[in-house]
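Undergrad: Each chain, written out:
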Amino acid sequence: MDEVGLPPGVLNFVPGDGSTIGDLLVTHPKTRYISFTGSMEVGLRVNELAARTQPHQIWIKRVIAEMGGKDAIVVDSELKDFGDTVRGVVQAAFGFQGQKCSACSRVIVDEKIYDKFCNALVEEAKKLKVGDAKENPNLGPVINEKSKNSITEYIRKGIDEGGKLIYGGKEVNEKGYFVEPTIIRDVEPDATIAQEEIFGPVLAVIKSKNFDNAMEIANGTIYGLTGAIYTKSKKKLERAEKEFFVGNLYLNRKCTGALVGVHPFGGFNMSGTDSKAGGRDYLGLFMQAKSIAEKVK
Amino acid sequence: MKLPKFTNEPFTDFTKKKNRADFEKALNKVTSRFRNEYPLTIGGQKFYTDAKLYSYNPSSKDEKLGVFQKATAEMAMQAIDIAHNAFSTWKFTPAKTRAKFLVEAAKKMRKRKHEFSAMMVYEVGKNWAEADGDTAEAIDFMEFYAREMLRYAEGQPVVKYPGEKNRLEYIPLGVGVVIPPWNFPLAILVGMTTASIVAGNTVVLKPSSDSPAIAQMFF
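Sequence lines, in order, name chains D and V.
Residue 1 is where the first sequence starts when you use this note's numbering, and the numbers rise one by one after that.
Residue 298 is where the second sequence starts when you use this note's numbering, and the numbers rise one by one after that.
Everything labelled a hint here was simulated from the structure, so no lab data went into it.
Built from N, CA and C at the ideal position, the CB exists for glycine as well.
One or more hints might be untrue.
Restricting the straight-line Cα-Cα distance to at most 30 Å, the calculated cross-link-like pairs of lysine-lysine (BS3-like) are [as the list claims (entries may be wrong)]:
id : chain 1 : residue 1 : chain 2 : residue 2
1  : V       : LYS358    : D       : LYS129
2  : D       : LYS126    : V       : LYS313
3  : V       : LYS349    : D       : LYS175
4  : D       : LYS129    : V       : LYS343
5  : V       : LYS314    : V       : LYS299
6  : D       : LYS175    : D       : LYS164
7  : V       : LYS302    : D       : LYS175
8  : D       : LYS175    : V       : LYS322
9  : D       : LYS175    : D       : LYS234
10 : D       : LYS30     : V       : LYS343
11 : V       : LYS408    : V       : LYS313
12 : V       : LYS410    : V       : LYS326
Chain V is nowhere near these chain D residues, computed Cβ spacing over 10 Å in every case [stated by the list, open to error]:
id : residue
13 : GLU3
14 : PRO8
15 : GLU78
16 : GLY131
17 : SER150
18 : ILE159
19 : LEU165
20 : GLU171
21 : LYS207
22 : GLY220
23 : GLY284
Selected chain V positions facing chain D (in silico; Cβ < 10 Å) [as the list claims (entries may be wrong)]:
id : residue
24 : GLU334
25 : THR338
26 : GLY341
27 : LEU399
The shape of chain D in the complex, shown without the other chains (with noise of 0.2 Å):
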């Protein structure tokens, strides 16, 4: 940007500790908005901070977020292309290691074809491999140690709160932070891993009576970015439409890679403030409205 030669202070670059300066920055009352992506723990509190007015502030803040997401794919006994779907799911699962606001980190299976779908999803899983970003592997690294250490300790979680690890689940690679690709199937809906956004590669299996049990578990969450469903039946299809509740549906596609101006993105409840970014909203969220009436008679 600097090359492009805006004037000066119309961009200012300062990097720091949040800790230090980031409370400073939303509380300053010459701040006017503050435009935030990241954790629901982070972008709850700069709401509440932003909230509250400050001496000599002579506005009400507009906070924008971006927040979490507890992303999920249902898959319904019916599908177009059982191989597809596979594929679908693993790659929304592990796409950069899980580590997208969009990534699935649940996938509802319906009880008919649940085993058959679980021991695919272990055989796709295989084909990946895990190593150095630069050698361009599937998967890289977690992004530090702090996240890679939250990461195991939710699949510890996952497994006592009783699912069944079927892949991955370790560490690997002691030179960077390299975590397996980890399914864990028999997962409770309700369980720490299907509630809690792990940012990581670790796909929780919760297994579905019928479709209302699926959309039910769906929507049983604080979030509500993307979501997915498989299958061939129309109907299912035009249901999911009304009652998957995300901001973001994709029907027979996997629910990771929004496009620019084709998938306006951004969520509900606790995943943010619904900025669809990339869409004819989105510069509105940074403006307001000035109504000019002129007599001319």
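Please arrange chain V on chain D, whose structure you already have, making use of the hints.
TA: Positioned in the frame of chain D, the structure of chain V alone reads:
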């Protein structure tokens, strides 16, 4: 100003030998940045602080990717004040002029696309396709919001009323604090920042401490 219709930036086809070779070259090229120390910038002025922020490669945790500054509390406060002052003139810059900055920046990023992607491979551990997608999205955001600003600049149609000339126009808000994440350390940072700027606001950008190097490349 009339811009051609928006189309998404194509992804790089890494099954092609030439593209792979170009990407390898970029991976080598950006390593020269790792030795550098980068200032923080407020109001066009560069500052160095006592407290430093280091970026590391999560694939190879002892590899340092650059040295950055940690803003002090005073600097953070000052940054808001300076952005506030800059707003008094930036807000009157015509929408077209602001949009041009974005188109220009998109053009420059497109030219050095692989370098941006390569930095993300090192700094946040994206594989090539994920990094390439991130850079493409950043370019998309700039091209898209530039066009969007031109559309918003036309205002909103209002109902005709006898004896009056009426219109509704969009004006910016003021100083925005932009706090992007490390997981789309280029795309989301660029989207949030350039949407702010093109709309006529001024920005204090606090990049994630896990990805200051790619943020610096954009800045």
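Undergrad: Where does the structure disagree with the numbered hints, that is, which hint numbers, in rising order?
TA: 4, 5, 7, 9, 13, 14, 16, 23 and 24
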